[in-house]
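Peer 1: Sequence order for the protein chains is A and B.
As numbered in this note's numbering, residues 1 to 108 make up the first sequence, in order.
As numbered in this note's numbering, residues 1001 to 1116 make up the second sequence, in order.
FYI, nobody ran anything at the bench for these hints, they're computed from the structure.
Any given hint might turn out to be false.
List time: in silico BS3-like cross-link candidates among lysine-lysine, alpha-carbon distance up to 27 Å [unchecked claim]:
1) Lys107(A) with Lys42(A)
2) Lys1057(B) with Lys42(A)
3) Lys95(A) with Lys1071(B)
4) Lys45(A) with Lys1014(B)
5) Lys45(A) with Lys1057(B)
6) Lys79(A) with Lys45(A)
7) Lys1057(B) with Lys1071(B)
8) Lys1014(B) with Lys79(A)
9) Lys2(A) with Lys1057(B)
10) Lys95(A) with Lys42(A)
11) Lys2(A) with Lys45(A)
12) Lys45(A) with Lys95(A)
13) Lys107(A) with Lys2(A)
14) Lys1071(B) with Lys1014(B)
15) Lys2(A) with Lys42(A)
16) Lys1011(B) with Lys1057(B)
17) Lys95(A) with Lys1014(B)
18) Lys2(A) with Lys79(A)
19) Lys1057(B) with Lys1014(B)
20) Lys42(A) with Lys1011(B)
21) Lys79(A) with Lys107(A)
22) Lys79(A) with Lys42(A)
Values in this document were obtained by computation on a predicted structure and should not be read as measured data.
Here is how the chains run, residue by residue.
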Amino acid sequence: RKEVEQDPGPFNVPEGATVAFNCTYSNSASQSFFWYRQDCRKEPKLLMSVYSSGNEDGRFTAQLNRASQYISLLIRDSKLSDSATYLCVVMIAGKSTFGDGTTLTVKP
Amino acid sequence: DTGVSQNPRHKITKRGQNVTFRCDPISEHNRLYWYRQTLGQGPEFLTYFQNEAQLEKSRLLSDRFSAERPKGSFSTLEIQRTEQGDSAMYLCASSLGARGGGDTQYFGPGTRLTVL
């Protein structure tokens, strides 16, 4: 079993749709959690950190459930520019473990 | 541009040759990370430095791989006796090394290695 698991997708949604991604992690000692976005053949870029209380940044909402060891990302009102691979990241004491990503394609 | 830079951007080599990559982090960042990424996979952790100290190295990393950060600034990653399985994108990232989590990493554009 991988330390961090994501549904690879692909998720194909129309513009304006709401889409949710989940990510599970196996190490209960994990300390920090992030969502990164990666465009094709580009480097990953931070989308948002994930806090225990949940956090929102515009159309994006991230949630953390420590008891069940998963994090989620909700994207509302999808835009064409949201098409990318979304990587879940879990960190313990400086070591980061990435999921393999979930691919999203938003279509007109 | 004060972001993370990596050189070279592309490297083609023959099997058995040694290669070295360089990463220049964001200047005030204490931590520097190396990852390897292949198609369809997320970045795979290789090693990281806190200033000049190498604090962790992946068990997946063979003895052919070595990384240094001699003055706590730029870092080099060397692969000796390259194999075709080493073909991948090698990513470097840096961060402030915040305590208590929330340590945001900023990635460089990567070095794409092709081993023939």
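Peer 1: It remains to establish, for every hint, whether it holds in the given structure.
Peer 2: Comparing the hints with the structure gives:
no.	hint	in the structure
1	Lys107(A) with Lys42(A)	holds (21 Å)
2	Lys1057(B) with Lys42(A)	holds (25 Å)
3	Lys95(A) with Lys1071(B)	holds (21 Å)
4	Lys45(A) with Lys1014(B)	violated (32 Å)
5	Lys45(A) with Lys1057(B)	holds (23 Å)
6	Lys79(A) with Lys45(A)	holds (18 Å)
7	Lys1057(B) with Lys1071(B)	holds (19 Å)
8	Lys1014(B) with Lys79(A)	violated (43 Å)
9	Lys2(A) with Lys1057(B)	holds (18 Å)
10	Lys95(A) with Lys42(A)	holds (22 Å)
11	Lys2(A) with Lys45(A)	holds (22 Å)
12	Lys45(A) with Lys95(A)	holds (17 Å)
13	Lys107(A) with Lys2(A)	violated (31 Å)
14	Lys1071(B) with Lys1014(B)	violated (31 Å)
15	Lys2(A) with Lys42(A)	holds (24 Å)
16	Lys1011(B) with Lys1057(B)	holds (23 Å)
17	Lys95(A) with Lys1014(B)	violated (31 Å)
18	Lys2(A) with Lys79(A)	violated (31 Å)
19	Lys1057(B) with Lys1014(B)	holds (26 Å)
20	Lys42(A) with Lys1011(B)	holds (17 Å)
21	Lys79(A) with Lys107(A)	holds (8 Å)
22	Lys79(A) with Lys42(A)	holds (19 Å)
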